[in-house]
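All chains, please: the whole structure from these sequences, using the hints.
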Amino acid sequence: MRTDLIILMPEITLLVMTCVVLLVDAFSEDKFRKITYWITQLSLLLTICMVFYYSPDYSYLAFNGAFITDTMSVILKIVICGISIIVFFYSYEYLKESELLKGEYFVLGLFAVLGMMIMSSAYHLLSVYLGIELLSLSLYAMVAMHRKSKYSTEAAIKYFVLGALASGMLLYGISMIYGVTGSLQLTNIADAINNSAIEKIYLVYGMIFIIVGIAFKLGAAPFHMWLPDVYQGAPTSVTLFISSAPKIAAFAITVRVLVDGLFPLIDDWQSILSLLAILSMAIGNIIAIAQENIKRMLAYSTIAHVGYLFLGLIAGTPSGFAGSMFYVISYSLMTIGAFGMIILLGRFDLEAEKIEDFKGLIVRNSWFALIMLFLMFSMAGVPPFLGFWSKWFVIKELVDSGFFVLAVAAVFFSIIGAYYYLRIVKIMCFDKPDTMRAIKASQQMRTVLTINGLLILIIGLSPNTLMNLCLSAF
Amino acid sequence: MIETIYNIISQYILLPLTIAVFPVDYQTEAMLFFQTTIKILAIVVPVMIAVAYFTYAERKVIGFIQGRIGPNRVGLFGFRLWGLGQPIADAVKLIAKEIIIPLNANRSLFIIAPILSLAPALAAWAVIPFDDTKVLANINAGLLYVLALTSLAVYGVIIAGWASNSKYAFLGAIRSAAQIVAYEIAMGFALVGVLIAAGSLNLGEIVNAQSGSVIHWFWLPLLPLFVIYFISGVAETNRAPFDVAEGESELVAGFHVEYSGMAFSVFFMAEYANMILIAVLSALLFFGGWLSPFQGIIFLEDIFSWVPGMFWLLAKTSIFMFLFLWFRATFPRYRYDQIMRLGWKVFIPITIVWLVVISSLVVIDLPPWFS
Amino acid sequence: MVVAIKNPIHAALFLVLSFFSTAAIWLLLNAEFLAIALVLVYVGAVMVLFLFVIMMLDINVATLRQGFARYFPLGIIIAFFMVVAMGLIVSSDYFLSDIYSQGSISTIQSNTKLLGLAIYQDYLYHFEIAGAILLVAIIAAISLCLNKSKITKSTQPDVQVLAKKDDRLRVVKMKSEEKED
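Chains as they are written, first to last, in my numbering: chain A, 1 to 474; chain B, 475 to 845; chain C, 846 to 1026.
To be clear, the hints were calculated from the coordinates, so they are not data collected in a lab.
Restricting the straight-line Cα-Cα distance to at most 27 Å, the calculated cross-link-like pairs of lysine-lysine (DSS-like) are: (1) B:K608 x C:K958; (2) B:K534 x B:K571; (3) A:K150 x A:K102; (4) B:K608 x B:K513; (5) B:K571 x B:K641; (6) B:K819 x A:K102; (7) A:K426 x A:K440; (8) C:K1009 x B:K819; (9) A:K34 x A:K102.
Below, the structure is given as structure tokens:
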């Protein structure tokens, strides 16, 4: 029991620190919210250190197989915490600017991070479910936080109702699997499927529900309906959060459940995922063209990216999974960059929500126009940026495993997708600006955003470092 | 004595009856059914009589406290007997009265409501042990069962208030439901303390865990919980000083303002049955139930060894029942926000803190209670 | 009945009834602790608050039912397919297999004790996460509902209690009136 608890140290640290943040926040006045913010960042840093310190050399199961630490969980946890640090940084700037600064944002955010960490080391369907719930419950509340905004409330209600529905689906699938195999622990499930003569149809029935639940959470088409509204309605700081780290955690559970638990059913989930992937890529990329609101556009681009993310899983090989992992990490780096730009350009009275707000950015501030250019090129998949490599890896794996049609479709849709990313670049560089207002943002904001943009270029120039890391996880 | 009566009834009345009426295959089941019914009656009938005379006692006691005489006219068989016939006269009067159902009231719910409030109050008696062996249903989760049933009483109140289609009744119902829910939490936590101390949810085992002497009873280690439990019990039953649901001076009569005749008296009986239940539970959980107070004292223990356990239980219960009346005559009514404050901000924190304390006492095996 | 009935209060009461029935089923399965806890939590607490809200809001059901007829056929079709699929799966042999026949061990030991052991030993991790989830729910509810507006008036009991007679009452000495002649 004691070793189990030691293995759990990072999570315990985060939970304790969250409670500290909660207490500090509850007993401090509005003008000292800065303290809350700094303790939040500190606790995330501390958690990263803990993850490093307690990272095991081999995979280790704790709590009767409910919890696993292995290379994958360690990498994902560090990435999640790192991304969340950047997210909180941007959010803090945004919240200060729009006078929404409340301590609960950080507390709920930390709980969401905890949920994601639980998800990335879940090895038991119950922990998968509980992690998802912890994450989504915090996110619902964060979306609804801007109470005066009609859109925010609408988004929260939509998110909540559909999220609850998805949880129901997931639970139903889990109960089916449990009914057939008699276990919730992933290795036991895999053993039960391999060893006993259970007819596949019963397992597939449960698995479909589980996949539907996960697809809801990831926002894959045709379960993507909530995504654009929530992205648009939620305060930008929250959209930023929803769009980045939770996808990594959702990727983690997808891999755990499908690969570690239901690997014997690979033929079935490959075909389901292919369908989801093609639909997501098609819907995401095509509808995004018509969007005028940049948050909405990024929402559809997320749907498309989720489609690509599935491609690596469909390949069904360790390097394919590594490709997906590479994809999700690079995706979240890009997306926080893009939302960071929106926050940067936003002003107190008006958010830079419309694509037109980016008009002639190159005249107004050429450096950030360059960063935005990096981001958009990267999302479109232009070499040598990060986004190119992520698409390259998954499509290469797909071809290696013999899914030619799917690979061709992926390339085709990414060409369509390139249109709307490049449209922003065009608007930025060649259109006349409506205003010449200088961008006012703090020095730290500028620095972090610059680092964010440059990271995309730098990792893009030497993708093998990150890829080798991802490969070591499988 | 009770066993003898029970045996006589089951042997000389039930057994021939079952054999005569039922086919052979079902005789054991039928016998079991009859026996259980007899046992239930043996509990319910005394409880109802106790309820009736509790109202009489209330009027007498409060009368005494306020320097009045109380009911003293209605006697039995031509004798005055200090007014002992009063409850029976009341019952006859209420039964004879018409039940008026208001226009636009929800008929079915209006009728069901009083039944819903009385039924849980009586059903909870099923798990009350009167002695080491005398208990109707000796279930493992007895304490939880009692808690669940007392929490159901609120439905009677809330449905009555709503079904009457009257503002005053509805206000009374809302007030009382909010109050009951609030105090139920404190009460539940207090009971959790008891179960931590006793290590069991079974009421019989809880009492047995207290055996030894007066000092061994749980009232000493659980004193804050006992106080909170009893006060919450008073609040749960909507008795003074927490009777804002009735609040004669504000709401006329609260949730049952539209009720008359027997329907009204069923509410009345439910209230008093609940009070007796709370009193019995206090005696069982904190004051050693049927255990003799002289246990462990060398000389007195032998002198009183002939007294049946049930007597001690009833004696303890009567003391708590008296406390209910004493409270009513003594304290002024709380204001509504004060009630809520007391429940949420005072009682619940205290119970939670004391739970931690009692858990640590149990862990360190503190004698004489937890060794 | 919960879904079909018109009056929301009746619907809520039928929901109470169905909780009771669930509890009764669990009781028949020898899960007495769970059954009573279900009654205690759902019937005793959750549904009371539910009823409370419904009674206070006075929902107009007619407006809520407007879209009902339009979506009803679709709902029926989906429900039909779900029922068929479920029927096929659940009626299969796998759910009657011997995995479940070992379940009757708990009759000797106390149900509550076994449950406690399971929660605090085998499923400790999940139990703790569930605790965290509840904490999140509390924080979320409070942060979304707490409205610190200046208009709200509230009494401060500590100030009230500390009030002395001298703060409120001023005894003024006055000369008695001169006798008029």
